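Engineer: Take a look at the letters that make up each chain.
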Amino acid sequence: MKVNQLSKLGAVALVALTTAFGAGAAQAADLWLHVTVHESEENANVAVNLPLTLVETALSMIQVDEIQSGMLQLDDDTELSAQQLRELWQQLQATPDADFVKVDSDDETIRVFKEGNYLMVRGTAKSDKGSEISVRVPAAVVAALLDGADDNQLNIGAALRALAHEGQGELATITDDDAHVRVWIDDRPEGR
Amino acid sequence: MSRFIRFSLIAAGACLLMMVGTGVVLAAGVATAVATDGLVMVSVHEKTPDGVHFTAPIPASLVGLGLTIAKNADDGSLDEARSQLEPVAPALLVALDQLEDAEDATLIHVVDGDDLVTVQKSGGTLVIDIDSDDARVHVGVPLRLVRQVISSLSS
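Heads up: the sequence lines are chains E and F, in that order. Following the numbering used here, the numbering of the first sequence begins with 8 at its first residue and continues without gaps. Following the numbering used here, the numbering of the second sequence begins with 230 at its first residue and continues without gaps.
Since the hints were derived computationally from the structure, they do not count as laboratory data. Source: prediction; values computed, not measured. We put the CB at the ideal spot given by N, CA and C, even for glycine. Hints are supplied without guarantee of correctness; some may be wrong.
Derived DEER-like restraints, expressed as beta-carbon distance ranges [unchecked claim]:
| no. | chain 1 | residue 1 | chain 2 | residue 2 | range |
| --- | --- | --- | --- | --- | --- |
| 1 | F | P319 | E | E46 | 32 to 42 Å |
| 2 | E | A51 | F | A310 | 45 to 55 Å |
| 3 | F | L294 | E | E73 | 20 to 30 Å |
| 4 | E | S76 | F | T284 | 41 to 51 Å |
| 5 | F | R373 | E | E73 | 29 to 39 Å |
| 6 | E | A186 | F | G293 | 40 to 50 Å |
| 7 | E | D83 | F | P278 | 50 to 60 Å |
| 8 | E | D113 | F | T277 | 53 to 63 Å |
| 9 | E | T85 | F | V273 | 41 to 51 Å |
| 10 | F | F283 | E | E139 | 20 to 30 Å |
| 11 | F | S384 | E | M68 | 12 to 22 Å |
| 12 | E | I181 | F | M270 | 34 to 44 Å |
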């Protein structure tokens, strides 16, 4: 009897898992990456709407010195190597929600913090009224980005795949006195 | 009626029949090509008094034919394109699949003052429109043709 119940439970769990993975795959295929840039002074607007899967494929085609096969090679003289970032991120992941960096100067305030499953960055320029930056990156995406094979590589391809798995959401907005940039993911071909 | 006139009439009739026959066959061929492979639409309108104005619907099959002729000529003119294309061709073909599967959308929309550039995916066609101070350009390329060109060049 117990074995029978366990089998049923196992079957239900298997169906649930399969459905979840199936739904995830379908969702990833239907997601669109949107980037909009509005420059009021120059009367310039740019809107880019691309299927996320296409972005990932396009990335694999980029073969320049810094980016090969979806991997970004960091300069050797960067202040923090990818390996150091990896170690730092592992420590941060284990901590509860908290501010990691907080800068409050005469010119700007910058805050880097963890909120649930997201790494957040908020910045405001005091001298340049209205200038703000807001970045919201899922923790899984940061982890994937730092999952480079080499000590000093960032895995952009893996980060994009993780982004697709995470689904819809705002990624970044940058506003200053004459420009507004927004980056987000949703399931609509054209941005809202 | 003299023998010469009769012979001329028979020859003219035969020629006419051949021309009409060939025309029908060609027309049918082009119609089939358009129906199966689509058209590359190129339209250019220069905004100057003596500017160029033309609209050219080109059967995609003609582009394929041109490519085949260029490949057969083997004068090395395609070597550079081929060497650049070869490493990325598999990924490009995957990207084309993904684009074809995606919903119709405006992929890129750029407005800079009075200049406008849009890249749209409409059905199986990639449509590029450029409207600037001096010209208006419209290009429509069937994705299937892009695939054919990539496959042909990289093979």
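Engineer: Now tell me if each hint is right for this structure.
Structural biologist: Going down the list of hints, with the structure as the test:
For F:P319 and E:E46, the Cβ-Cβ distance of about 38 Å falls inside the hinted range of 32 to 42 Å, so the restraint holds. Between E:A51 and F:A310 the Cβ separation comes to about 33 Å, which falls outside the hinted range of 45 to 55 Å. In this structure the hint that F:L294 and E:E73 lie 20 to 30 Å apart at CB is violated, the actual value being about 41 Å. Checking the proposed 41 to 51 Å range against E:S76 and F:T284 shows it holds: the Cβ atoms sit about 42 Å from each other.
Distance hint for F:R373 and E:E73: a CB-CB separation of about 34 Å, consistent with the stated range 29 to 39 Å. Evaluation of the 40 to 50 Å hint for E:A186 and F:G293 yields a pass: the beta carbon distance comes to about 45 Å. A hinted range of 50 to 60 Å for the beta carbons of E:D83 and F:P278 is consistent with their spacing of about 59 Å. Remark: the range hint 53 to 63 Å for E:D113 to F:T277 is upheld by a beta-carbon distance near 54 Å.
Range check, E:T85 to F:V273: Cβ separation about 47 Å, and the 41 to 51 Å hint holds. A hinted range of 20 to 30 Å for the beta carbons of F:F283 and E:E139 is inconsistent with their spacing of about 49 Å. For F:S384 and E:M68, the hinted distance range of 12 to 22 Å is satisfied, since their beta carbons lie about 18 Å from each other. At roughly 38 Å, the beta carbons of E:I181 and F:M270 sit within the given window of 34 to 44 Å.
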